[in-house]
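Chains as they are written, first to last, in our numbering: chain A, 4 to 341; chain B, 4 to 341; chain C, 4 to 341.
No lab work stands behind these hints, which were simulated from the structure alone. Honestly, I wouldn't trust all of these hints.
The list cannot tell twin chains apart, which means a pair is met if one copy fits it or any two copies do.
Quick list of in silico lysine to any residue cross-link-like pairs, SDA-like style, CA-CA up to 20 Å [unchecked claim]:
hint	residue 1	residue 2
1	Lys68	Asp33
2	Lys182	Arg104
3	Lys162	Met101
4	Lys182	Phe109
Just so we're clear, the structure is a prediction, and the values are computed from it rather than from any experiment.
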Amino acid sequence: MAVDPRFFRFLGPVALGDLAAVSDAECRGDGTREATSVGPAGNARAGEVCYYDGKKPPAEDDVSKAAIACFISAAFANALPEGVAALVSELPRHAHAMAARKLVQFRDWGDTERPHTPTNIHASARIAATAHVGEGAAIGERTVIAPNAVIGPGVQIGKDCVIGANVSIQCALIGNGVKVYSGARIGEAGFGVMPGPSGAQDAPQYGRVILQDGVTIGANSCVDRGAFDDTILGENTKIDNLCQIAHNVVAGRNVLMASFAGISGSVTIGDGVQLGGRVGIADHVTIGDGASIAASAGVFREIPAGQTWGGVPARPIKEWMREIAWLHKQTSSKRRKD
Amino acid sequence: MAVDPRFFRFLGPVALGDLAAVSDAECRGDGTREATSVGPAGNARAGEVCYYDGKKPPAEDDVSKAAIACFISAAFANALPEGVAALVSELPRHAHAMAARKLVQFRDWGDTERPHTPTNIHASARIAATAHVGEGAAIGERTVIAPNAVIGPGVQIGKDCVIGANVSIQCALIGNGVKVYSGARIGEAGFGVMPGPSGAQDAPQYGRVILQDGVTIGANSCVDRGAFDDTILGENTKIDNLCQIAHNVVAGRNVLMASFAGISGSVTIGDGVQLGGRVGIADHVTIGDGASIAASAGVFREIPAGQTWGGVPARPIKEWMREIAWLHKQTSSKRRKD
Amino acid sequence: MAVDPRFFRFLGPVALGDLAAVSDAECRGDGTREATSVGPAGNARAGEVCYYDGKKPPAEDDVSKAAIACFISAAFANALPEGVAALVSELPRHAHAMAARKLVQFRDWGDTERPHTPTNIHASARIAATAHVGEGAAIGERTVIAPNAVIGPGVQIGKDCVIGANVSIQCALIGNGVKVYSGARIGEAGFGVMPGPSGAQDAPQYGRVILQDGVTIGANSCVDRGAFDDTILGENTKIDNLCQIAHNVVAGRNVLMASFAGISGSVTIGDGVQLGGRVGIADHVTIGDGASIAASAGVFREIPAGQTWGGVPARPIKEWMREIAWLHKQTSSKRRKD
Numbered sequence: 004m005a006v007d008p009r010f011f012r013f014l015g016p017v018a019l020g021d022l023a024a025v026s027d028a029e030c031r032g033d034g035t036r037e038a039t040s041v042g043p044a045g046n047a048r049a050g051e052v053c054y055y056d057g058k059k060p061p062a063e064d065d066v067s068k069a070a071i072a073c074f075i076s077a078a079f080a081n082a083l084p085e086g087v088a089a090l091v092s093e094l095p096r097h098a099h100a101m102a103a104r105k106l107v108q109f110r111d112w113g114d115t116e117r118p119h120t121p122t123n124i125h126a127s128a129r130i131a132a133t134a135h136v137g138e139g140a141a142i143g144e145r146t147v148i149a150p151n152a153v154i155g156p157g158v159q160i161g162k163d164c165v166i167g168a169n170v171s172i173q174c175a176l177i178g179n180g181v182k183v184y185s186g187a188r189i190g191e192a193g194f195g196v197m198p199g200p201s202g203a204q205d206a207p208q209y210g211r212v213i214l215q216d217g218v219t220i221g222a223n224s225c226v227d228r229g230a231f232d233d234t235i236l237g238e239n240t241k242i243d244n245l246c247q248i249a250h251n252v253v254a255g256r257n258v259l260m261a262s263f264a265g266i267s268g269s270v271t272i273g274d275g276v277q278l279g280g281r282v283g284i285a286d287h288v289t290i291g292d293g294a295s296i297a298a299s300a301g302v303f304r305e306i307p308a309g310q311t312w313g314g315v316p317a318r319p320i321k322e323w324m325r326e327i328a329w330l331h332k333q334t335s336s337k338r339r340k341d
Numbered sequence: 004m005a006v007d008p009r010f011f012r013f014l015g016p017v018a019l020g021d022l023a024a025v026s027d028a029e030c031r032g033d034g035t036r037e038a039t040s041v042g043p044a045g046n047a048r049a050g051e052v053c054y055y056d057g058k059k060p061p062a063e064d065d066v067s068k069a070a071i072a073c074f075i076s077a078a079f080a081n082a083l084p085e086g087v088a089a090l091v092s093e094l095p096r097h098a099h100a101m102a103a104r105k106l107v108q109f110r111d112w113g114d115t116e117r118p119h120t121p122t123n124i125h126a127s128a129r130i131a132a133t134a135h136v137g138e139g140a141a142i143g144e145r146t147v148i149a150p151n152a153v154i155g156p157g158v159q160i161g162k163d164c165v166i167g168a169n170v171s172i173q174c175a176l177i178g179n180g181v182k183v184y185s186g187a188r189i190g191e192a193g194f195g196v197m198p199g200p201s202g203a204q205d206a207p208q209y210g211r212v213i214l215q216d217g218v219t220i221g222a223n224s225c226v227d228r229g230a231f232d233d234t235i236l237g238e239n240t241k242i243d244n245l246c247q248i249a250h251n252v253v254a255g256r257n258v259l260m261a262s263f264a265g266i267s268g269s270v271t272i273g274d275g276v277q278l279g280g281r282v283g284i285a286d287h288v289t290i291g292d293g294a295s296i297a298a299s300a301g302v303f304r305e306i307p308a309g310q311t312w313g314g315v316p317a318r319p320i321k322e323w324m325r326e327i328a329w330l331h332k333q334t335s336s337k338r339r340k341d
Numbered sequence: 004m005a006v007d008p009r010f011f012r013f014l015g016p017v018a019l020g021d022l023a024a025v026s027d028a029e030c031r032g033d034g035t036r037e038a039t040s041v042g043p044a045g046n047a048r049a050g051e052v053c054y055y056d057g058k059k060p061p062a063e064d065d066v067s068k069a070a071i072a073c074f075i076s077a078a079f080a081n082a083l084p085e086g087v088a089a090l091v092s093e094l095p096r097h098a099h100a101m102a103a104r105k106l107v108q109f110r111d112w113g114d115t116e117r118p119h120t121p122t123n124i125h126a127s128a129r130i131a132a133t134a135h136v137g138e139g140a141a142i143g144e145r146t147v148i149a150p151n152a153v154i155g156p157g158v159q160i161g162k163d164c165v166i167g168a169n170v171s172i173q174c175a176l177i178g179n180g181v182k183v184y185s186g187a188r189i190g191e192a193g194f195g196v197m198p199g200p201s202g203a204q205d206a207p208q209y210g211r212v213i214l215q216d217g218v219t220i221g222a223n224s225c226v227d228r229g230a231f232d233d234t235i236l237g238e239n240t241k242i243d244n245l246c247q248i249a250h251n252v253v254a255g256r257n258v259l260m261a262s263f264a265g266i267s268g269s270v271t272i273g274d275g276v277q278l279g280g281r282v283g284i285a286d287h288v289t290i291g292d293g294a295s296i297a298a299s300a301g302v303f304r305e306i307p308a309g310q311t312w313g314g315v316p317a318r319p320i321k322e323w324m325r326e327i328a329w330l331h332k333q334t335s336s337k338r339r340k341d
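The whole structure should be built from the sequences, with the hints applied where relevant.
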């Protein structure tokens with residue numbers, strides 16, 4: 004995904020030499036060429052600057068040939084595709100973040116000076132007087148926005164939605180019939196930490212949240228926006244209270260998650276998956292269609308479609324139950340003998 | 004409990020034939036009889052329409068003789084008590100929800116046009132200018148409502164309560180000396196998902212939350228309202244931050260729950276029960292008076308009064324500790340031998 | 004720490020005899036001497052009243068010689084240091100809380116009548132119209148406060164901070180470059196429950212939260228203020244969404260906590276510690292510098308510096324993994340034999 008102008012303001016174009024200067028990097032290549040935006044290394048488009056911070060030299064598909072430039076360590080600078088300028092830094096992700104500030108600016112709440120933009124808000128929508136609707140946000144037919152909710156600039160909300168009290172939504176595209184219960188947080192920056200020159204720093208998050216038709220988000224749950232791409236919840240997916248959906252999660256349709264689900268970054272969840280209470284899933288794991296995960300499980304690897312797993316680390320539920328029963332039996336007989 | 008008119012507006016009476024029409028059901032019986040409200044199958048009162056979606060024919064007490072009608076599958080329609088009209092549907096819960104929209108309407112935030120109703124608010128209550136108090140809500144002596152809190156229509160709050168910043172409360176009756184810390188969510192719809200014609204759908208939630216005298220709810224915790232009946236926390240029960248209390252939970256007096264307690268639907272908790280951090284309890288489980296549950300436990304069955312349990316699945320704490328110690332010993336000696 | 008006048012109003016001085024009267028205690032010693040504030044037993048200063056509720060007589064350092072008086076049970080009243088008056092009660096902590104109400108008063112949201120105090124707010128700060136800033140709060144250069152955020156009286160926020168939508172902050176001192184994401188709760192009262200004459204009661208919390216430069220707090224996370232002392236997060240410490248940091252936690256620099264971290268009261272965490280998702284740490288435990296804790300762990304005792312632990316109860320990760328593998332092997336072969 005390209006950076007969405009509804010949520011970020013473009014400040015460029017900026018010459019590569021200038022980007023190198025603000026990020027303390029060395030520009031190898033024509034410093035007068037101009038960049039317009041940022042993108043992820045593998046899919047950067049024309050004009051976009053990316054970074055590479057892998058531990059090996061970049062492979063064929065790791066850095067897009069279309070990128071105008073890539074922040075990279077000196078050791079790997081020669082391994083970039085032809086035509087991609089190297090911006091050499093020993094903290095490539097951090098240097099990229101510094102340069103990005105010259106190219107794109109987040110439209111924060113302060114971007115919004117007019118409380119409502121009437122032309123984008125359907126006459127049948129009911130918006131509480133104490134709700135805040137940012138500039139350029141659109142609200143569909145019959146949608147209700149409760150008191151003290153905060154809708155960020157550029158957010159698109161469909162028809163027949165219910166947005167609860169004290170909810171906040173930013174960087175999000177929301178379908179029809181979506182319910183966001185009180186206190187839920189949609190589109191906040193995900194948890195991405197990078198090393199900076201003086202300690203841990205937050206990696207900027209340029210993506211969005213997509214909630215498809217019929218999604219319900221429970222009270223005080225959080226759905227973070229993607230790092231570059233989007234966090235997506237499919238049609239009729241239902242999330243209970245106090246769940247955490249991290250950046251770049253992609254979940255299918257009719258997924259059910261009970262309270263305290265913790266879905267780490269870039270997890271993929273198939274259609275019809277069901278999670279019991281306080282299930283955790285480690286980052287980049289895939290859960291197949293129709294799988295079930297027992298309450299309290301901690302999932303560290305792929306679950307095939309249709310299977311039921313449980314335990315920490317999670318395993319097929321029969322294995323888990325057999326282990327529990329066996330262990331119990333050993334120690335019970337043990338005790339009798341003692 | 005009958006549906007509370009402080010939180011729902013009655014739209015009927017409506018003829019059974021008309022309810023069948025809007026819910027795509029078949030009315031077996033006199034379609035001109037009029038329903039007035041909805042109720043749970045086991046306890047529906049005169050004029051109330053219920054649904055039955057069990058997998059066997061309804062037993063003696065499963066459907067109240069007083070109900071005017073019951074949504075039910077064709078297979079079981081003949082098993083209803085005499086005098087209860089069958090509204091036949093293969094999605095009885097969904098059809099009931101459709102029909103319910105003609106009988107009762109949730110008083111959402113938009114129901115409130117006047118910010119305060121001075122006659123219901125005691126002169127000694129202090130309500131922040133940016134708090135929202137819904138129509139018909141009552142606030143007792145010396146109670147303090149912090150900025151940006153949202154009190155829904157009809158909510159009753161006693162005296163000497165403290166309602167924190169950005170709290171939201173709906174469908175709730177709150178006693179005296181209750182504290183609700185910042186960001187807590189009281190009375191949101193519980194997590195009830197039913198199959199609909201085109202995927203998962205939220206089952207409507209008609210009940211309330213009752214917080215008795217001296218209850219404290221921690222920051223960002225959630226207490227959902229009941230499905231039909233009430234979610235109840237007894238006197239002086241103290242809930243830490245980020246806890247989840249699902250619909251229809253009934254907890255006694257002086258219960259203590261540390262952070263991340265996850266109490267599933269219809270759990271019953273006795274007086275003086277103590278929960279360590281992030282304890283989960285599966286739905287419909289009973290915890291006896293004075294029981295203690297160790298941190299991180301996942302409880303899937305009844306805990307007798309006075310006992311201490313731990314582990315996932317939870318078991319008496321001595322068993323759990325014995326198993327941990329035995330397993331550790333086996334693998335330590337194992338290692339030495341290898 | 005002495006009680007901070009920015010967050011509490013001093014009401015005294017009050018004669019010890021009067022404090023005894025309001026708390027149903029017996030004053031042994033000169034009842035005309037005057038107390039000015041409250042303090043923790045071990046570190047109470049001149050003029051401060053403390054309590055002692057240990058199960059043995061107080062040892063040498065348990066009660067400060069500087070305290071003016073100490074609530075204590077009759078059995079131990081003679082064991083107080085010379086010069087510290089005994090205020091005898093069988094519920095010393097509760098009696099102390101009663102007396103404290105005559106000495107100090109929390110500056111709640113209602114304390115704030117003027118929405119902004121322009122002199123304390125830097126001209127370059129951007130504060131949303133619907134944000135609430137309490138009396139005496141200070142906001143630094145370029146800091147942004149989003150809509151419907153609530154900043155309590157006396158809160159100090161440095162420069163270049165970002166305070167998200169619907170955040171609430173009280174009793175806190177916040178450095179530069181701090182980010183508090185939407186819905187986070189900073190400075191609420193911690194979970195301290197004491198026995199009262201008619202059941203469980205909340206113990207008052209007199210401390211503060213200190214967030215040092217570069218700290219980030221995730222959406223809907225909670226950081227409670229200290230009981231008497233402070234809850235402190237060191238420079239560049241990064242907390243994900245939906246985490247709970249209890250009263251009196253002290254964490255170092257560059258600590259990373261993933262979602263659902265539950266850090267109990269008085270835990271000490273060293274520099275550079277990393278926590279996977281939903282890690283729980285029991286109260287008063289110490290985690291050494293640079294330790295790592297695997298996702299889902301429940302930590303009940305000290306983790307030495309640099310080590311990686313996992314499991315519930317947490318143990319060195321190799322032990323945990325060995326136990327899991329061994330148990331799996333036993334039950335797999337078992338099954339084959341059966």
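Could you work out which of the previously given hints the structure breaks and list their numbers from low to high? none
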